[in-house]
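Enquirer: Construct all of the structure, not just a fragment, from the sequences and the given hints.
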Amino acid sequence: MKYDIIVVGSGPGGYVTAIRASQLGFKTAVIEKENLGGICLNWGCIPTKALLKSAQVYDYLKHVDDYGLKAEAIDKDFDAVIKRSRGVADGMSKGVQFLMKKNKIDVINGFGKIKTGKKVDVTAEDGTVTEYTADHIVIATGARSRQLPSLPQDGKKVIGYREAMSLPKQPKSMIVVGSGAIGVEFAHFYNAMGTEVTIVEYMPNIVPVEDKDVSKQMERSFKKAGIKVMTSSSVESVDTSGDGVKATVKTKKGEQVLEADILLSAVGIKTNIENIGLEDVGIVTDRDKILVNDWYQTNIPGYYAIGDVTPGPALAHVASAEGITCVEKIAGLHTETIDYGNIPGCTYATPEIASVGLTEEKAKEQGYDIKVGKFPFSASGKAKAAGTPEGFVKVIFDAKYGEWLGCHMIGAGVTDMIAEAVLGRKLETTGHEVLKAIHPHPTMSEAVMEAVADAYDEVIHL
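Numbered by my numbering, the letters in the sequence shown go through residues 979 to 1440 in order.
A hint or two may mislead.
As the list claims (entries may be wrong) - Derived lysine-lysine pairs resembling PhoX-like cross-links, with alpha carbons at most 25 Å apart:
| no. | residue 1 | residue 2 |
| --- | --- | --- |
| 1 | K1054 | K1201 |
| 2 | K1072 | K1011 |
| 3 | K1079 | K1091 |
| 4 | K1352 | K1194 |
| 5 | K980 | K1091 |
| 6 | K1080 | K1005 |
| 7 | K1360 | K1194 |
| 8 | K1096 | K1307 |
| 9 | K1011 | K980 |
| 10 | K1362 | K1040 |
| 11 | K1224 | K1150 |
| 12 | K1404 | K1414 |
| 13 | K1027 | K1072 |
| 14 | K1307 | K1005 |
| 15 | K1414 | K1378 |
| 16 | K1360 | K1031 |
| 17 | K1080 | K1307 |
| 18 | K1228 | K1134 |
| 19 | K1027 | K1201 |
| 20 | K1378 | K1342 |
| 21 | K1079 | K1097 |
| 22 | K1190 | K1342 |
| 23 | K1230 | K1206 |
| 24 | K1349 | K1378 |
| 25 | K1194 | K1027 |
| 26 | K1096 | K1005 |
| 27 | K1206 | K1228 |
What the hints assert, rightly or not - Using C-beta positions, here's what the derived DEER-type ranges look like:
| no. | residue 1 | residue 2 | range |
| --- | --- | --- | --- |
| 28 | D1055 | I1438 | 43 to 49 Å |
| 29 | K1040 | P1127 | 37 to 43 Å |
| 30 | M979 | H1419 | 57 to 63 Å |
No lab work stands behind these hints: they were computed from the structure. For clarity, every value in this text was computed on a predicted model and none was experimentally measured. Ideal placement from N, C-alpha and C gives every residue a C-beta, glycine not left out.
Expert: Here it is as C-alpha cells:
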C-alpha cells in the first residue's frame, strides 16, 4: 500500500490537495474518519449558508408589503429548514466522492495516525489497523469547536456550531457567546427565525477583527433586527440544572444573570492534532498549531501540514490555497508563496461583511499617510431598488503611492464583491486605476468605484 502522497483529512484543504496532487501525476490517497468534505462541507461553510438562505427568504416573505406584494399565512417549518440544510451538505459531500473517483484518488476510511518512516496507520470502524506508506504525507486534520472551562459543552443546553445546525426543535431564546463569523451568522439565523437572541462579546466591538466602522454598523443593524448585544462582557459560569441555561455574565457595570433555552459557544476553534502521531514522529508544534515553513513542510522531511492546524488564518479558501501550493512545490513547479496580507474574510449574516487588507486603524499604526473613502449603499440606486440600503464600502489607500491598502464592506451581497479588491491588490492596482475602470450601472459593485472616488475627492453621487 505505497503512495506518492497521502493526505490525512478531506476538508477543503485535504480534498483539494489530493485532487491537485493527482492532476500533477502523483499516486494519491486521502484518509477520512467521517464524511468527505470535512467540517466545511458537512458541518460548516455550506450547510450554514443553506440555513442563512432560508432565513433570508423567510425575512423577504415577512416584508412582501415593502415590495408592493401581498402574501398571507407566512410561516416557517424549522424541521424542514434543517432538513434542507442537511440535504445540501449531503449533496456536496457526494460531489467530493465523485471528484475522488474522477481523479483516481483512493479514499481510505478510518482514523489516520502518522508514524516514523513516512507511514500512516489507519484504524477502521471495526478496529482493524492497516499501514500505508508514502513519499509525502500531508496533515490536513482541521479543527473543531473550542471549549472553555467556564462553558463546558453538553451538546444539549450548551452547544457548539455542529449542534446549532441540527437542533431537534427551535429554541425560544438563545445566548450566543462570541461574535466572530460563526457567532454572528447563527445569531442572525436564529433571530430571523424568531428566536430571542443575545450576543455576549468579550471585546469592545462585535466582529472584532473587522474595521471599527464595520463593527459599529453591524451592531446597529443587529439591534435594529432585535438582537441584544453585550460587548466588553464575558460569561463566567453557566448553570444547566434547570429547564434551560442560566449564564452569569461579567460586564463593566457588574455581574448579571441571563436566562435562555440554549447557549451557543462560538469562542473559536481547537485544532485536531491530538493522537495523530505528531509526538511519535517528532513534529514540532506551538500553541496548538503545527509549525511549517513557507511551503508547509514541517521540521521532519516528508511530512507537511496545511489548513487550520497551521498558524495561518482558519479559513476554507486558505486551506485550499495552502494545499495547492504545497503539492506544486513537491512537484517542483515554480510557485509563489501565499500573501497572507491579501486574504479575504467573509461573514454571511445580514448584513454581510467582507474585507481584505489593513483596517484604517492598522494602516495608521503602520505609519501610512492614508486616503480613506466611503460610499453608503443608501446612495446606491441598485441597493435602494433592491430594498437593501444598509451598509457601505470603505477603501483605504496609501496617499503617497496610491497602493490599495484595505477594503471593507458591509451590506447585501458584499461577499461576492470583495474579490475585486483582492484581485486589484494582487495586481498592485492604484486608486486612480480603480477610479478609471468603468463599473456597470446600476450595480452594488459601483459602490467600490464611488468609495475610491470619495477617497480622491472626486465622488459624484454623494
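Enquirer: Hint by hint, note whether the structure agrees.
Expert: Hint check results:
At most 25 Å may separate the alpha-carbon atoms for a hinted pair to count; K1054 and K1201 meet this at roughly 23 Å. A hinted pair counts as satisfied when its Cα atoms are at most 25 Å apart, and K1072 with K1011 qualifies at roughly 16 Å. The hinted pair formed by K1079 and K1091 meets the criterion: a straight-line CA distance of about 24 Å does not exceed 25 Å. The suggested pairing of K1352 with K1194 holds, with an alpha-carbon distance near 14 Å, which does not exceed 25 Å.
Between K980 and K1091 the alpha-carbon distance is near 16 Å, which keeps this suggested pair within the 25 Å criterion. Between the alpha carbons of K1080 and K1005 the distance comes to roughly 13 Å, so the proposed pair stays at or under 25 Å and holds. For the suggested pair K1360 and K1194, the alpha carbons sit about 23 Å apart, so the restraint of at most 25 Å is met. A C-alpha spacing of about 18 Å is found between K1096 and K1307, which places the hinted pair at or below 25 Å, so the restraint holds.
Between K1011 and K980, the direct Cα distance comes to roughly 20 Å. Compliance with the 25 Å bound is thereby established for this hinted pair. Taking the CA atoms of K1362 and K1040, the gap is about 18 Å. The hint holds against a cut of 25 Å. About 14 Å separates the Cα atoms of K1224 and K1150, which keeps this hinted pair within 25 Å; it holds. Restraint check for K1404 and K1414: satisfied, since their Cα atoms lie roughly 18 Å apart, inside the 25 Å limit.
As the CA atoms of K1027 and K1072 are separated by approximately 18 Å, the hinted pair is consistent with the 25 Å bound. Between the alpha carbons of K1307 and K1005 the distance comes to roughly 16 Å, so the proposed pair stays at or under 25 Å and holds. For the given pair, K1414 sits about 19 Å from K1378 by alpha-carbon distance, which is consistent with the 25 Å threshold. Among the hinted pairs, K1360 with K1031 is consistent with the structure: their alpha-carbon atoms are about 20 Å apart, no more than 25 Å.
Of the pairs offered as hints, the one joining K1080 and K1307 holds, with about 23 Å between alpha carbons and a cut-off of 25 Å not exceeded. Between K1228 and K1134 the CA atoms are separated by roughly 24 Å; this keeps the pair inside 25 Å, and the hint holds. Among the hinted pairs, K1027 with K1201 is consistent with the structure: their alpha-carbon atoms are about 22 Å apart, no more than 25 Å. A distance of roughly 14 Å separates the Cα atoms of K1378 and K1342; the hinted pair therefore holds under the 25 Å criterion.
For the suggested pair K1079 and K1097, the alpha carbons sit about 24 Å apart, so the restraint of at most 25 Å is met. With a C-alpha separation of about 13 Å, the suggested pair K1190 and K1342 falls inside the 25 Å cut-off, and the hint holds. Distance restraint check for K1230 and K1206: the Cα-Cα separation of roughly 16 Å lies within the 25 Å cut-off, and the hinted pair is therefore satisfied. Distance hint between K1349 and K1378 is fulfilled; the C-alpha atoms sit about 9 Å from each other, no more than 25 Å.
Under the criterion of a C-alpha separation no larger than 25 Å, the hint pairing K1194 with K1027 is consistent with the structure, at around 24 Å. Of the supplied pair hints, the one linking K1096 and K1005 holds, its CA atoms being roughly 15 Å apart against a limit of 25 Å. Of the supplied pair hints, the one linking K1206 and K1228 holds, its CA atoms being roughly 16 Å apart against a limit of 25 Å. With their beta carbons about 47 Å apart, D1055 and I1438 fall inside the hinted range of 43 to 49 Å.
For K1040 and P1127, the Cβ-Cβ distance of about 40 Å falls inside the hinted range of 37 to 43 Å, so the restraint holds. Taking 57 to 63 Å as the suggested C-beta distance range, the pair M979 and H1419 conforms, at roughly 59 Å.
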